[in-house]
Amino acid sequence: MFTGIVEELGTVVALEAGADAGGDARLRVRGDLVTSDAHLGDSIAVSGVCLTVAELPGDGTFVADVMPETLRRSALGALVVGDRVNLERALAVGGRYGGHVVQGHVDGVGVVRSRRPGPRWDEVEIGLDPALARYVAEKGSVAVSGVSLTVTHVGDDVFGVSLIPTTLQVTTLGSLAAGAPVNLEVDVLAKYTERLLATSGALR
Numbered sequence: 001m002f003t004g005i006v007e008e009l010g011t012v013v014a015l016e017a018g019a020d021a022g023g024d025a026r027l028r029v030r031g032d033l034v035t036s037d038a039h040l041g042d043s044i045a046v047s048g049v050c051l052t053v054a055e056l057p058g059d060g061t062f063v064a065d066v067m068p069e070t071l072r073r074s075a076l077g078a079l080v081v082g083d084r085v086n087l088e089r090a091l092a093v094g095g096r097y098g099g100h101v102v103q104g105h106v107d108g109v110g111v112v113r114s115r116r117p118g119p120r121w122d123e124v125e126i127g128l129d130p131a132l133a134r135y136v137a138e139k140g141s142v143a144v145s146g147v148s149l150t151v152t153h154v155g156d157d158v159f160g161v162s163l164i165p166t167t168l169q170v171t172t173l174g175s176l177a178a179g180a181p182v183n184l185e186v187d188v189l190a191k192y193t194e195r196l197l198a199t200s201g202a203l204r
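Sequential numbering from 1 applies to the sequence shown in UniProt numbering.
These aren't lab readings, by the way, just hints derived from the structure by calculation.
For every residue, glycine included, the Cβ atom is placed at its ideal position computed from N, Cα and C.
Hints may be right or wrong, so weigh each one.
[Said to hold, decoys possible] For each label pair, taking beta carbons as the anchor points, the in silico distance ranges come out as:
id	residue 1	residue 2	range
1	150	175	16 to 24 Å
2	130	199	17 to 25 Å
3	137	105	15 to 23 Å
4	153	98	22 to 30 Å
5	162	8	21 to 29 Å
6	127	18	13 to 21 Å
7	98	37	36 to 44 Å
8	72	117	18 to 26 Å
9	179	130	30 to 38 Å
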């Protein structure tokens with residue numbers, strides 16, 4: 001589990017198609033902090049996508065396999081060498097719970113629709129599939145490329161967030177322009193609530 005509090009900006013070193021041509025890929029990312037205590041099999045969120053460490057070359061990078069489902073559901077497949085990515089290690093037992101429950105299971109890709117700079121912050125609107133918008137609530141939480149954010153307003157296919165100075169400085173959200181894709185993970189509690197109500201017949 002993650003909390004959506006980015007620990008460092010990593011850099012894509014390589015993204016290569018899988019050897020068996022099955023639609024998967026291998027991603028190599030440089031992140032000195034997240035690899036400092038990493039072990040094979042550990043989970044690291046890469047721009048909101050939970051990936052498993054498959055190799056640790058020992059040079060401050062890690063390698064992860066990216067499955068076809070992940071490439072379909074996220075924007076990882078569009079990464080190129082040199083791109084920056086948000087990195088977060090899985091929450092340690094007893095660690096500070098600074099954001100919200102983030103699983104690293106991306107629900108879909110949104111698109112930055114607009115960006116309005118403020119005196120020290122930016123107001124950003126992000127478009128998303130209406131099927132996901134129903135899980136987004138004003139003053140609720142949403143993970144945008146792995147960053148835990150509070151929703152300022154929501155519509156049928158769009159929601160807004162305010163980016164504080166720290167978010168602008170230490171995450172990739174500080175440099176995103178209109179039209180940029182972002183990984184979205186809605187609040188898992190909302191999805192479970194809907195599922196429970198549906199199976200109990202309350203939504204029929």
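Hints, verified against the model:
no., hint, in the structure
1, 150 - 175: 16 to 24 Å, "holds, 21 Å"
2, 130 - 199: 17 to 25 Å, "holds, 23 Å"
3, 137 - 105: 15 to 23 Å, "holds, 19 Å"
4, 153 - 98: 22 to 30 Å, "holds, 23 Å"
5, 162 - 8: 21 to 29 Å, "holds, 23 Å"
6, 127 - 18: 13 to 21 Å, "violated, 31 Å"
7, 98 - 37: 36 to 44 Å, "violated, 19 Å"
8, 72 - 117: 18 to 26 Å, "violated, 33 Å"
9, 179 - 130: 30 to 38 Å, "violated, 20 Å"
Hints 6, 7, 8 and 9 from the list above are not met by this structure, while the remaining hints are.
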